Structures are given as C-alpha cells and as structure tokens.
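J.: Listed here are the chains, written in short residue letters.
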Amino acid sequence: MLLTLANTYRELLNYERDPSKLKRGYGGYEVNSMIEREPSNPGYSVLFERANAVVPLFDYLYFELRRVQTPAVKAFIEPFGKCYSLTIGTHCNAHIGAELDAIGDMWGTSVDVLFKAARLALETDIANSAPEFDSVLSMCEHRFNLDATAGEGAIALFSRVVRKHTDCLLEIKELKARLVLEEAKAKTLGDIKDKASMLSLIQPLLGKRQFDLIDL
Amino acid sequence: MCEHRFNLDATAGEGAIALFSRVVRKHTDCLLEIKELKARLVLEEAKAKTLGDIKDKASMLSLIQPLLGKRQFDLIDL
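Chains C and L are the protein sequences, given in the same order.
Start counting the first sequence at 840; every next residue gets the next number (my numbering).
Start counting the second sequence at 1396; every next residue gets the next number (my numbering).
For reference, chain C alone in the conformation it holds in the complex (with noise of 0.2 Å):
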C-alpha cells in the first residue's frame, strides 16, 4: 500500500508541476464515468467547461486515487464518488448537482487548491505510514548485501542499489560478450574437429602412397 501511494503521490507531483500532462477520459471505461455533470449553482459552471483543467482532474483524482485506501485519500475523495453514482427514484442532476456544489464550496474552480488538497491528504497518510516504510526500508537494505548502515536513510540504500544494479549489467554485458566469442570458437573447433576427422581416415592412405613411392 505504501508504495501504491508513493507512486500516486510521485504522479501527483508530476501533474501538478504541469497539469497540462493530465490525460483526458480517465476513467472512460467505468459505469457513470460519462455522467453529465452540472453544478446547481451557476458560479461553478467553469468547474465542468472543457477547457478547465479540473475537469481531468476531477476524473483523475476520483478513478485513480480510488485505488488508494488509506484514510485521508479516502476521506478526500468521498465526495467526488457520490458525483458518479446515480440514485433511482431521485432526480439525477439534481443530486449531483448539490454534490458538484459543495465540491466547488470545498475546493473553488481552479485546480491549483484541489491539487493542493490531494496533495495533502496524501501526505498525511504518508506520514502515517511509518512503520511500513520502515519494514520495506529494511526489506530493501538486507538484500543482496547492501551494508545498510541503521536509519542511513533511503537516498543512501537508492544510491548503492543503483551501483549495484549497474554491476550487474556490467557483468551481464561482459558475459554476453564472452558468450559471443566461446560460440565464434566453438563453431570453429567443430569445423576443425570434422577436417581432423576426414584428415584422420584418410592419413593411412597417404602413409601407402608414400611407402610406395619409397618401395619403388
């Protein structure tokens, strides 16, 4: 989990340093994800106009964070959920038109506050979740003899394990190289192998004609 949300959390980032990265159609796939959507009050409207940023927004922050369960992310985004789902018997824009408004009361129009917003709740249950970063930490140092030093901190063991990672391809190309040759030799010994074969049934034969050539 913990790193299911450091991902989205490093995605977020990414987003938010420039949001025009976001993707349109999040979600495109998911039951109600083309509901209609429109706020009862009219100084939201610019919430759901096409060329506002927070409309992918809204559907990224809604489809994606979902997958994150932890509390804050939960909390955050439990009034985007209701904007998606449909009450039989009521009037559909109506209700979802009250949810939209009250996201707009919570959030405003601009995408720079609800960015802010998951941002936050995301950090919170990051900080929250000390003690699985510390069992994934530890998981990660006392593989492959990393020499972690206790409480060295992550930026350390990311730095030796990319050493290590490059050993390792450095020893893969090295292999493959010398695979290459031994194949090259291989083939060549095996050609050689046949000619001393041939060259060994028909040696009696020059022998004779030599011992010939001496008896004549």
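Note that these hints are calculated values from the structure, not bench results.
In this text, all values refer to a predicted model and were calculated from it rather than measured experimentally.
Certain hints may be false.
What the hints assert, rightly or not - Computed cross-link-like contacts, BS3-like style, restricted to lysine-lysine with a CA-CA straight-line distance of at most 25 Å: (1) L:LYS1450 - C:LYS1015; (2) C:LYS913 - L:LYS1433; (3) C:LYS1003 - L:LYS1433; (4) L:LYS1433 - L:LYS1452; (5) L:LYS1430 - C:LYS1026; (6) L:LYS1452 - C:LYS1003; (7) L:LYS1444 - C:LYS1026; (8) L:LYS1444 - L:LYS1433; (9) C:LYS1026 - C:LYS1012; (10) L:LYS1450 - C:LYS1032; (11) L:LYS1433 - L:LYS1421; (12) C:LYS1024 - L:LYS1433; (13) L:LYS1430 - L:LYS1450; (14) L:LYS1444 - C:LYS1024; (15) C:LYS1012 - C:LYS1024; (16) C:LYS1015 - L:LYS1444; (17) C:LYS955 - C:LYS1026; (18) C:LYS1015 - C:LYS1026; (19) C:LYS1003 - C:LYS860; (20) C:LYS1032 - L:LYS1442; (21) C:LYS862 - C:LYS955; (22) C:LYS1034 - L:LYS1421; (23) C:LYS1024 - L:LYS1450; (24) L:LYS1421 - C:LYS1024; (25) C:LYS1015 - L:LYS1433; (26) L:LYS1442 - C:LYS1012; (27) C:LYS1015 - L:LYS1442; (28) C:LYS1015 - L:LYS1430; (29) L:LYS1442 - C:LYS1003; (30) L:LYS1421 - C:LYS1003; (31) L:LYS1444 - C:LYS1012; (32) C:LYS1032 - L:LYS1430; (33) L:LYS1421 - C:LYS1032; (34) L:LYS1421 - C:LYS1015; (35) L:LYS1452 - C:LYS1026; (36) L:LYS1444 - C:LYS860; (37) L:LYS1433 - C:LYS1012; (38) C:LYS1024 - C:LYS1034; (39) L:LYS1430 - C:LYS1012.
Got chain C; can you put chain L on it based on the hints?
T.: Just chain L, lined up with the frame of chain C:
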C-alpha cells in the same frame, strides 16, 4: 592449419588421429565453458531484474522519506 590454431601444441609429423583427439578435447572444453556462461548469464539476469525492482522501490522511498522526516520533526517540535 589444424595444428597452429588454438595452441594445440602439435608435434611435427604427429599424425591426424592424435591431432583429432586434441581438437575433440578442446571442443568439449569450449562447449562446457559455453554452458557455464549461459547458466551464469541466467543468474545475473535474474539478479538484475530483482535489483531493478528494489531500485524502483528505493527510489520511491527516497521520494517520500522527507515527508516522514517532516512528521518526526513536527512531533519533536511539539
């Protein structure tokens, strides 16, 4: 030509049968070497894959560790 390749230490006039058996030995050694190299390659590739996974995890951890540090710092401040 057979004698002077791969340091087969040919003795002049030793004959084709002796040369043939030395070539066979050399060829067998070479095939064994290839087998060992292939086994080592498989092991190293598996190791590289695992290290790659750990690298991803450690990279991720190094990203979020400051948050945990911040939390610990905040607690000390209280």
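J.: If a hint holds in the structure, say so; if it doesn't, say that too.
T.: Status of the hints after comparison with the structure:
With a C-alpha separation of about 23 Å, the suggested pairing of LYS1450 of chain L with LYS1015 of chain C holds against the 25 Å cut-off. For the hint pairing LYS913 of chain C with LYS1433 of chain L, the CA-to-CA distance comes to about 50 Å; that exceeds 25 Å, so the pair is violated. Between LYS1003 of chain C and LYS1433 of chain L, the direct Cα distance comes to roughly 21 Å. Compliance with the 25 Å bound is thereby established for this hinted pair. The suggested pairing of LYS1433 of chain L with LYS1452 of chain L is violated, with an alpha-carbon distance near 29 Å, which exceeds 25 Å.
Straight-line distance between C-alpha atoms of LYS1430 of chain L and LYS1026 of chain C comes to about 14 Å, which keeps the hinted pair within the 25 Å bound. A hinted pair counts as satisfied when its Cα atoms are at most 25 Å apart, and LYS1452 of chain L with LYS1003 of chain C qualifies at roughly 14 Å. Among the hinted pairs, LYS1444 of chain L with LYS1026 of chain C is inconsistent with the structure: their alpha-carbon atoms are about 31 Å apart, more than 25 Å. Taken as a hint, the LYS1444 of chain L and LYS1433 of chain L pair is honoured in the structure, with Cα atoms around 17 Å apart against an allowance of 25 Å.
With a CA separation close to 21 Å, the supplied pair LYS1026 of chain C and LYS1012 of chain C stays within the 25 Å bound. The hinted pair formed by LYS1450 of chain L and LYS1032 of chain C fails the criterion: a straight-line CA distance of about 48 Å is larger than 25 Å. For the suggested pair LYS1433 of chain L and LYS1421 of chain L, the alpha carbons sit about 18 Å apart, so the restraint of at most 25 Å is met. Our distance criterion of 25 Å between C-alpha atoms is met by LYS1024 of chain C and LYS1433 of chain L, whose separation comes to about 15 Å.
For the given pair, LYS1430 of chain L sits about 30 Å from LYS1450 of chain L by alpha-carbon distance, which is inconsistent with the 25 Å threshold. For the proposed pair LYS1444 of chain L and LYS1024 of chain C, the alpha carbon gap of about 30 Å is over 25 Å, so the pair is violated. Pair hint LYS1012 of chain C plus LYS1024 of chain C holds up; C-alpha atoms about 19 Å apart against a cutoff of 25 Å. Proposed proximity of LYS1015 of chain C and LYS1444 of chain L is supported: the alpha carbons are some 16 Å apart, at most 25 Å.
For the proposed pair LYS955 of chain C and LYS1026 of chain C, the alpha carbon gap of about 65 Å is over 25 Å, so the pair is violated. Restraint check: the Cα-Cα separation between LYS1015 of chain C and LYS1026 of chain C comes to about 16 Å, which is no more than 25 Å; the hinted pair holds. Distance hint between LYS1003 of chain C and LYS860 of chain C is unfulfilled; the C-alpha atoms sit about 33 Å from each other, more than 25 Å. For the suggested pair LYS1032 of chain C and LYS1442 of chain L, the alpha carbons sit about 37 Å apart, so the restraint of at most 25 Å is broken.
About 19 Å separates the Cα atoms of LYS862 of chain C and LYS955 of chain C, which keeps this hinted pair within 25 Å; it holds. Annotation: proposed proximity of LYS1034 of chain C to LYS1421 of chain L holds, straight-line Cα distance about 14 Å (limit 25 Å). Among the hinted pairs, LYS1024 of chain C with LYS1450 of chain L is inconsistent with the structure: their alpha-carbon atoms are about 37 Å apart, more than 25 Å. Proximity of LYS1421 of chain L to LYS1024 of chain C is assessed by CA-CA distance (about 10 Å); at most 25 Å being required, the pair is judged to hold.
Simply put, LYS1015 of chain C and LYS1433 of chain L have alpha-carbon atoms about 9 Å apart, close enough for the 25 Å limit, and the pair holds. Taken as a hint, the LYS1442 of chain L and LYS1012 of chain C pair is honoured in the structure, with Cα atoms around 14 Å apart against an allowance of 25 Å. Distance restraint check for LYS1015 of chain C and LYS1442 of chain L: the Cα-Cα separation of roughly 15 Å lies within the 25 Å cut-off, and the hinted pair is therefore satisfied. Note on LYS1015 of chain C and LYS1430 of chain L: the hinted pairing holds, with a Cα-Cα distance of about 12 Å set against a maximum of 25 Å.
With a C-alpha separation of about 10 Å, the suggested pairing of LYS1442 of chain L with LYS1003 of chain C holds against the 25 Å cut-off. A distance of roughly 35 Å separates the Cα atoms of LYS1421 of chain L and LYS1003 of chain C; the hinted pair therefore is violated under the 25 Å criterion. Between LYS1444 of chain L and LYS1012 of chain C, the direct Cα distance comes to roughly 14 Å. Compliance with the 25 Å bound is thereby established for this hinted pair. Only pairs whose Cα atoms come within 25 Å are accepted, and LYS1032 of chain C paired with LYS1430 of chain L is accepted, the gap being roughly 19 Å.
Of the supplied pair hints, the one linking LYS1421 of chain L and LYS1032 of chain C holds, its CA atoms being roughly 9 Å apart against a limit of 25 Å. For the hint pairing LYS1421 of chain L with LYS1015 of chain C, the CA-to-CA distance comes to about 21 Å; that is within 25 Å, so the pair holds. Distance restraint check for LYS1452 of chain L and LYS1026 of chain C: the Cα-Cα separation of roughly 44 Å exceeds the 25 Å cut-off, and the hinted pair is therefore not satisfied. Of the pairs offered as hints, the one joining LYS1444 of chain L and LYS860 of chain C is violated, with about 30 Å between alpha carbons and a cut-off of 25 Å exceeded.
Restraint check for LYS1433 of chain L and LYS1012 of chain C: the C-alpha separation of about 12 Å stays at or below 25 Å, so the hint holds. Between the alpha carbons of LYS1024 of chain C and LYS1034 of chain C the distance comes to roughly 15 Å, so the proposed pair stays at or under 25 Å and holds. A C-alpha spacing of about 17 Å is found between LYS1430 of chain L and LYS1012 of chain C, which places the hinted pair at or below 25 Å, so the restraint holds.
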